[in-house]
Amino acid sequence: MRRLPVYFLIDTSGSMYGEPIQALNNALSGMVNTLRADAQALDSLWISMITFDREVKEIVPLTELPSFQLPEITCPQSGPTHTGHALEMLYEKVKLDIIRGSSTQKGDWKPLMFLFTDGKPSDLQLYREMLPKIKSLNFGAIVCCAAGHLANDSLLKELTPDVVHLDTADSATLKQFFKWVSETIEQGNKSQGTGESVTLPPPPSEITLII
Amino acid sequence: MSIITVKSILTDRIYQYVDNGDPKSGTAKNVYFSPDRKYVVAIFKEKQDFNQKERLTRIVTRYLDQIQSKEAGDYYLNEIYRWPTDLIETRDRIGIIVPIYNSKFFFAKGYSSSDLIKGEEKNGKWFAGAKFRNKLFPLSLDQTELGRWLNYFQIGINLSRGVKKMHQMGLSHSDLSYNNVLIDPSSGSACMIDLDGLVVPGLFQAEVIGTADFIAPEVLATKHLNKTDPSRKLPNRLTDLHALACLIYMYLLHRHPLKGGKVHDLDTEKDDLLSMGEKALFIEHPADLSNRPKMNQISKWDTYWADVNKIPYTITGPYLKALFDKAFIDGLHNPMQRPTAEEWEIALLKTTDLMQQCSNIYCDQKWYVFDNTTIPKCPFCGTSHQGTLPVLDLYYQFQPTVWRPENHRLMVYNNQYLFQWHVNRNVIRNERLTAEQKIPVGYFTFHEGKWVFVNQTLTSMVDKTEDKEVPVNTMVELTDGKKLLLSKEDGGRVILVTLANK
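Protein chains in written order, with our numbering: chain S, 1 to 211; chain Z, 212 to 713.
Please note that the accuracy of each hint is not assured.
Each pair of labels, with its calculated beta carbon distance range [as the list claims (entries may be wrong)]: (1) S:E58 x Z:N231: 37 to 43 Å; (2) S:K133 x Z:S501: 34 to 40 Å; (3) Z:Q227 x S:A172: 47 to 53 Å.
What the hints contain is simulated information worked out from the structure, not anything from laboratory work.
Source: prediction; values computed, not measured.
Heads up, the beta-carbon is just placed ideally off N, CA and C, and yes, glycines get one too.
The task is simple: from the sequences and hints, build the whole structure.
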């Protein structure tokens, strides 16, 4: 009944061209398969994907996992990284998509957002303008993944304390990361400790989590 | 890939496991297979303190011995539990040795449309929900995986026995959920796994409060209090009984008993906490209709089972209805009122005596519980029963001439067997029955337009209506109002025949 909406924001700027985008496609499809083999995820998960380079596109609108078809993600050979613009689209979409609780209708779970980037926002001013707006949406978790040495962790940390840095965007590392993403998404289904809040599961040891 | 040898810390036994660098990883443990794949070595990710070691030691020694040495030990250890058998240490981590799961608990086919989950564990969640049974759902399970309705009663019986045994030993599970139970609907089997978290009341405290959907209302309602606060409720025997009731309800009806349409707070987290905790309300409460599911807000894949007007819980029959009322109405906020595991076991068993096969070969459930009406029909596909239907009510001797009803009814269908536990009230139908007691004493069949009982082994059976003996290897016709004494021995019962659907 309650949906768990998950938004993926994926950097498709020029620097992703070539091997990185292949590795990303591969890792995403691994993640979707993991989730599609999880009864709990199939019951509640809704996924949306937004890509950003010079242009920002909602490549899959919010769709229930059983009907979700992962498209092949492509990117131009060069071009800027419009992260701010992507957040702007995300803000509009989330406001429209999410079912808020009312006296007659159960609301959705707090949405999750995963942002994957290998660079830094080219539209820095818009990016900074969007930060408070995104925070006002009350996400259950925002996780940023910064891949490669060009990615700027400190700018991402203005958006969320949960920034994972991957040294390379190769296939094995990305696979590990998205395995961790699916574990994060599946978290609510696990046994709950006698302690208080539910936290992110520990990330795989090979990658660095900056908190 | 390498084979690692480890040593028990309790005995001098040696174990081996294959380390391929990518173990199956659970919440708390990494799981490795032995080279012969007869057991797994599950190594804790975190260092375990003295108390934990002590608790695990008791599980693999004292409690294991208790199960082994008592009646039906094999049934529990081979069928119902994957009980840890030893404790090992490797470097500074400890691990447990657990027998491997039976192969029936892995999907032979999985989804009907792909091999994505073929070979994966049959986690109970696949069978608790409604979606995966809906043939139109893109990822529906193959028909061969789903079993029939009768199988889910057997699953409930096995689960109830598993919980009953733990409670008899003074243990509580504390985290009973579909994640910790593997089930195989086609054979009606259930197996409780991850038993290393068992709670010994007063000795070892619960580490977890449970898994969403199964946490008892009082535990959620006091979750905000400190663990040392005397009002804080942690998992115990009575919260297990809430989880057990939820599991049985979900396996039979494929919906959650408390997840209805009532909104308690506009904030999702708060609303969820209230509707599963302090304000929890049975979706089928007979007087308070406020938590009935709102059909327009149900996922389109779930609508068949979500409709409590079309598939009300009363289709599970009179014995289970009474227990669901106790669990979700009287006992929801009053834990002492909850039915015990043994009550569930008995009610489920008695209900299987009320079951009829649906005559519609396309019916997905194939079985249903006789609804006590004169014109019975299948609640799932609406097909009416064809022909007469003998209903047998069991009576026991209260005084030499006074026979009283047992509140136990047996519905007859073609080729159905009669057993010792129907004949004699001193024979209890449970896991402790001997092989001899499981042999049928006779059978019912529709023969040349008449319902008859064929006596195979009952040596002192009497047709009281005709006042004549029914010797072994003869038959007696079941007619309306007929009284049959099944045995003259102490505890022998009388059955009274009623022909329904005339």
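Against the structure, the hints come out as follows:
{"no.": "1", "hint": "S:E58 x Z:N231: 37 to 43 Å", "in the structure": "41 Å, holds"}
{"no.": "2", "hint": "S:K133 x Z:S501: 34 to 40 Å", "in the structure": "37 Å, holds"}
{"no.": "3", "hint": "Z:Q227 x S:A172: 47 to 53 Å", "in the structure": "28 Å, violated"}
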